[in-house]
Structures are given as C-alpha cells and as structure tokens.
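Going down the list, the sequences are from chains A and B.
Using my numbering, read the first sequence as starting at 1 and increasing by one per residue.
Using my numbering, read the second sequence as starting at 1 and increasing by one per residue.
You may find that some hints are simply not true.
The calculated label-pair distances, taken between Cβ atoms and stated as ranges, are [to be verified]:
| no. | chain 1 | residue 1 | chain 2 | residue 2 | range |
| --- | --- | --- | --- | --- | --- |
| 1 | A | Gly107 | B | Cys113 | 57 to 63 Å |
| 2 | B | Cys113 | A | Tyr172 | 36 to 42 Å |
| 3 | B | Ser53 | A | Arg282 | 23 to 29 Å |
| 4 | A | Asn267 | B | Asp40 | 22 to 28 Å |
| 5 | A | Gly497 | B | Ala163 | 55 to 61 Å |
| 6 | A | Asn64 | B | Thr81 | 43 to 49 Å |
| 7 | A | Glu311 | B | Asp109 | 43 to 49 Å |
| 8 | A | Tyr474 | B | Asp31 | 39 to 45 Å |
| 9 | B | Asp31 | A | Ile41 | 49 to 55 Å |
With a straight-line cut-off of 27 Å between C-alpha atoms, the simulated DSSO-like cross-links for lysine-lysine are [what the hints assert, rightly or not]:
| no. | chain 1 | residue 1 | chain 2 | residue 2 |
| --- | --- | --- | --- | --- |
| 10 | B | Lys62 | A | Lys65 |
| 11 | A | Lys165 | A | Lys228 |
| 12 | B | Lys156 | A | Lys131 |
| 13 | B | Lys77 | A | Lys308 |
| 14 | B | Lys77 | B | Lys66 |
| 15 | B | Lys117 | A | Lys182 |
| 16 | A | Lys333 | A | Lys193 |
| 17 | A | Lys141 | B | Lys156 |
| 18 | B | Lys66 | A | Lys330 |
| 19 | A | Lys165 | A | Lys131 |
| 20 | B | Lys90 | A | Lys182 |
| 21 | B | Lys66 | A | Lys182 |
| 22 | B | Lys156 | A | Lys321 |
| 23 | B | Lys111 | A | Lys308 |
| 24 | B | Lys62 | A | Lys193 |
| 25 | A | Lys141 | B | Lys111 |
| 26 | B | Lys156 | B | Lys90 |
| 27 | A | Lys308 | B | Lys156 |
| 28 | B | Lys77 | A | Lys321 |
Keep in mind that the hints were calculated from the coordinates and are not lab data.
A virtual CB, placed ideally from N, CA and C, is assigned to each residue, including glycine.
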Amino acid sequence: MKMTVAQAMVRCLEAEGISVVFGLPGAAICPFYDALSRSSIRHILVRQEQNAAHAASGYARITNKPAVCIATSGPGALNLITGIATAYMDSIPLIVITGQVVRELLGRDVFQEADITGSCEPFVKHSYLVKDAASIPRIMKEAFHIASTGRKGPVLIDIPFDVQKETIPFSYPEQVQIRSYKPNTIGHPGQIKRVITALSKAKRPLICAGGGVFSADAQNSLVVFSNKTNIPIVTTMMGLSAVSPNDPHNLGMIGMHGCAGANRAMNSADIIMLIGARVGDRAIMSPMGLAQNTSIIHIDIDPAEIGKNIETDIPLVGDAKNILEELCEKSEKLHFESWYEPLRTKTHSSYPPYAGYIRPQYVIETLCAHCAPDAILCADVGQNQIWAARGFNIPNGRFLTSGGMGTMGYSIPAAYGAKLAAPDRQVIVVCGDGSFQMQMMELATLCANNIPVKIIIMNNGRLGMVRELQDNQYGGNKTAVFLDGNPNFVALAQSYGIPSVCVQTDTDVASAIDTMLSADGPYLLECTVSPSEPTL
Amino acid sequence: MKYTISILVENHAGVLSRISGLFSRRGFNIDSLAVGVTDDPQISRITIVVNGSEYMVEQVEKQLNKLIDVIRLRRLKQNETVSRELMLVKVSCTVQTRSQIIDIVRVMDAKVCDISKTTLTAELCAETDQLKLFCDLLEPYHILEVVRTGTVALAKGDDVVTA
C-alpha cells in the first residue's frame, strides 16, 4: 500500500497501540501533523515543548510502555532536550519525533535548523536522522523496540520535511532485526545460585529497590519475594511506592533526604540486594564505605551499572521481575533475628503548628490520608519533593518525580500525562512556587483538555532548597533565591477558570484538600509555607 | 596502563561521533583511534587505544557496548596481538644529510616515499614504539611534518572477533 511517510508514521504509531501523543507543531513537522489529525490518535497540545517530553514521561511511567512526544525543527526540538535528558536519567521509554529542515539544506544553518541528533547524543538511548524515506517503517519499529526493552530510555527520530512528504510502499514490519542489540533478560543461573547461597547465610539481609523495579513491572514480585524470605526493603526515591508504605517489610526511603530508619538499615545490613538501583549520589552518598562493610548483590538489566558506582560481590544482570521470580522459587524463608523491627518508621506528626503558616509535612500527611488509596502523587523538585517523598503514605499509590536529573517544572506535565494514562486514578501535583512558575503555562493545557489534575503549591516565596543551602553552607548569604514578583496564584488559576484557594493555617488544610479532591476538573490549592521551613 | 580495544560497528554515518562523544563526556582519554571498513562493507572496525586504569577501561567497554551501533567489542591482550601503525614523516634534508637520513630509513625498515631538493618523506609501518624511535633518530635533521594513522591490531592465531 502506498502512502506518504507522514501517513506511514501515524500508521506505525497506531500499530504500536499509541492513543495519545504530546506535542507542539511548527512548519517542519506539518506533514506529520496533517496525517496525525486524520487518525484516531489524540494529540495534546502543550504550551512549551519541554512539557511534551515530561507529559510523555508521566504517561510512560504509568503505562510502562513508550510514550510519544513531538516537536518541530530547531527551537522546538531544542526545547525538548531537558525533557529528553530527564527521561534518560530515569530510564523512561519515550519516542521523540522532531521535524527537520529538508535534506538538501542540512548543514547550511537555514531557518530553524538545529543538529538535534547531535545535541541529544548524550541523552538518548538511540537516535535516527531519517534520510531514506523507505526506511521509516523499520526505524519506527526499531525505535519502539529499543525504547521499551533492556534498560528503557528515549529514542529520537529526526525527520526532514521533504522525507515526510515522500510516498513509499508501506507495510509495518512484524519483527525487529538489530544484530548488535540483544539485551539479556534472564539472570545467569550460576549467579542466581550464588545469591541464594549468600542470602541463606545472611544475618541482616536487606533489599534496596530502585526505579528499575517499576521498569521491570516487578512491584508484585518484589513484595512476594520479601514476604516469602522475610527480607526487609528500603527504596530509593525512584523506587518509592514500589512497595506499599503499609507493608511491614518496608523500612522507607534511603538517602540524603531519606528516613533515619532506612539509612540505619543500609548501614547495619550484612548483605544488600540492590534491585534496579544505580547507586546515585543522593541515595548512597558513600558507596565505597558501604561496600567495605557489606556484601553487595547488584541486580540490574544494564551491565554498565554493575561496578560503576559501587563495588559488587555478586552481579546479576537481567530483568528484575524474572530474577525475583526465580529467586523466590529457589529461596526459603530465612531465619534471622528480626533485626529490622526497631528500624521501622513511626508515622510522625511531631511538627508543632505555628501561626500564619501551614506545615508542608502536615499537608502531605493530610493529603495521603484523604486521597484515594491508589492515587498518583507527582512531586516536583526542591523542598516540596522531599516533603512529598518523606510524607508519602498512599497504600497503593504511586510516586512520580524527576529523580535523576532533578528537573524543576516536571510535575504538572508529568501529572497530566499520568492522568491520561490512568483516567480513573486521582493525580495530585505537589510543587513549589519556584517550580510552578517553570510550568504554569501548562494550566492552559489542563483547561483545554479538561484534565482533572489537582495542584498543590507550597509557596514559601523562595527557591527554598537553595535558600537552605545558603543558610547552612554559605554563612546565610542568601542570594538570588527570593521569588519577588510572584503572581497571586489563586487569581492566576481563576483566570484560567481553574477553581483555587489559598490556605494559611493548618486547621483549614483538611477541608481544603477535601474540596480540592472532590472538584470535577483541575484545581489549585496554594499553601502558605514559612520561608524558613526546613527540608528535614 | 594502555589498553587496545577492537570494535566492530555498523558502517553508518554518525557512528564515529557517537563513539568519540562517549569518550569525551565520560572523561576517558583516547591515545589513538583508527577506523576503516572491513571485508563486509556494512561493518567497520575501530581500534582504540586508551590509557587508564582497569576500572576505567571496564567502564569504556560497558558504555561502548550499550551503543546500538556497536556489534562486537574485544579488549586485545598485549602479548597476543599483532599491532601496527603507519607513519609518514617529512624531514628537511640537504645534499650533505640525505645519505645519512636514507641510512636511518634503511636500518629502521622504513621506505622513502617522496624526495625533493630540500625534503625527504619516509613511511614506516611498525609497532608504536618503533615509530617513536624513528622520530627520535630523525629529530636532529629537523622534522617538518608527521602524520600517523593510529594503531590497528588483530589478535594472534585463530582468535577472531566477528559480527
């Protein structure tokens, strides 16, 4: 069947089961948009391209399948980069489609030309600059395969304007043939045996679960394994919500901003099983010291992660779900003293209330108590992220954040991406007044598409985390952290037609949250937080 | 410590920039890099010599292996490898020095590939340390220009890196 490349691309997306895409058009991607508009795929028009990548990222995290974002050539494509890099750091599968200038003008610095495949090189799993029209079905198939297998990640397809208009015979390939790409998913049997033996001798074993648990869809397998073996679990921030906060084996989140019990567990365990965790510096600050006192079992699908940040005693490369299931089958209930019981986090609400401000910890606590048990909490970056992560307590909920890159402005687009992927789940954003202003144009996207995402702004009038850093490490020389000129957030939301209130005392928080959660459409709740509120 | 890595890659545009970009952004130092197509026109072979620690070279290998275009990769063992590098060196010469230079060229098993009234260009294909010695010997005659291809290497015997 003959069709244009643009039409063929849309057919490929349909064949991959794509029903929603995020983007913002421009001249160089118009043929594709023309074809897209004639398909059943829903296009969400973002207000800035970076948010298209974040929205696709939120969508992909919930479906665990590649999600699609689109931009035009030059500035459109360049605006995507932060979003692509954010997805890359957190191993989120994206298909990024960018328009490009016509082939014969490539390299001449024409209007809206940017070398996007070159610029994105460090942040993509793979990229294509499509010069041969007939190769597009193969490239699309490969892109989806590469993005969604092995260690997941973004794949970029840069497609010149004239290529999009060329006519090709179309058939979507059924199989992928990439001789150089065959990710290993099954754990090596010898290594699995070594893990079982090591665990059987352990006195204080511990599982440290990272974001890879979600990528492998291994949440259940993890819980089953932990229950059967009685091994407790700590998570990284990326692994937060992989295990229910109510699970008796869950000791909480580790790291610089983690909870004391979880960090103590890391330091007192004799064997740590890292599962889909890349030992980032915010999670494990001194990996060398840790590895000296503890045996490390490292389970990861990416062989390059083994030994990169921490010395490993037993490496195990493969898919976390496969490996956990196999380990579960082969291991026994372990009999070690209940060493971790004293480390279990007690739910804290020990922060005394004070006049004029609300306590952010109390907001998160109340939110988690009042929202649906499977709600999705999408935290931005900064103090708000730490308050949200530390207070996260939604039994079957999900926590989303930009863990690796720490990209401010992630939460709202990621949240509506998540909401479109899971329309039946409540999706709540927690952001600061600084991060909100990096994405507030997306209120329009929420309105235009009536996506009922709830937004909580923790307004302390500061870039709070930097303010704290300056207070603690720069002798209180607070500079460039004052968010003077903040708008009236309630009035701003209302100008979009989004209902909004501001709360200033703890006593108003619970009813405000209830009102927010029961609202039909999007909603914005501003919380006045003390400028000197600490992160921890 | 120097390590030689032999890499088979897809012969596409952009592959070399992916590989060299990876070295620079991860802070790996390349001593030399040589690329050429193999007997299969779809496959190129890249030979990279890196200087660094065991940890670093392991990271290099793992990160290279993650690139989709990398088909096969092997670290070559120093004593079980044939390695060669080609160098052209242009040295200034006069009627008085020409025969001395030609003597050095002969002793080193090099070849004269161009000659003029004032210059002599020699080629030497040998192992890297021989190239260094050759340069040292020519130094007193004033070297005008040097170009080297970078090391190419294959494992000895029936040890073969194939796609």
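Can you tell me whether the CB distance of B:Cys113 to A:Tyr172 sits inside 36 to 42 Å?
With a Cβ separation near 55 Å, B:Cys113 and A:Tyr172 fall outside 36 to 42 Å, so the hint is violated.
Return holds or violated for the Cβ distance of A:Asn64 and B:Thr81 against the range 43 to 49 Å.
Given a distance of about 45 Å, which is inside 43 to 49 Å, the answer is holds.
Hinted pair B:Lys156 and B:Lys90, Cα distance within 27 Å
violated, 32 Å
Range hint compliance [Cβ, A:Tyr474 to B:Asp31, 39 to 45 Å]
holds, 42 Å
Are the Cα atoms of A:Lys141 and B:Lys156 separated by 27 Å or less?
Answer violated: A:Lys141 to B:Lys156 is near 40 Å, above 27 Å.
B:Lys156 paired with A:Lys131 [C-alpha distance capped at 27 Å]
violated, 40 Å
Satisfaction of hint between A:Lys131 and A:Lys165, Cα-Cα up to 27 Å:
Roughly 12 Å separates the two Cα atoms, so the pair holds.
Straight-line alpha-carbon gap A:Lys141 to B:Lys111, limit 27 Å:
violated, 53 Å
Check the hint pairing B:Lys66 with A:Lys182 against an upper bound of 27 Å on the C-alpha distance.
Within the cut-off at roughly 10 Å; holds.
Checking one constraint from the list: CA of A:Lys165 to CA of A:Lys228, max 27 Å. Satisfied?
Distance of about 58 Å is beyond 27 Å: violated.
For the pair A:Asn267 and B:Asp40, does the Cβ-Cβ distance stay inside 22 to 28 Å?
With Cβ atoms ~53 Å apart, the hint is violated.
For B:Lys90 and A:Lys182, compute the direct alpha-carbon distance and say whether it is at most 27 Å.
violated, 48 Å
Hints 1, 2, 4, 11, 12, 15, 17, 18, 20, 22, 23, 25, 26, 27 and 28, counting from the list given before, are not met by this structure.
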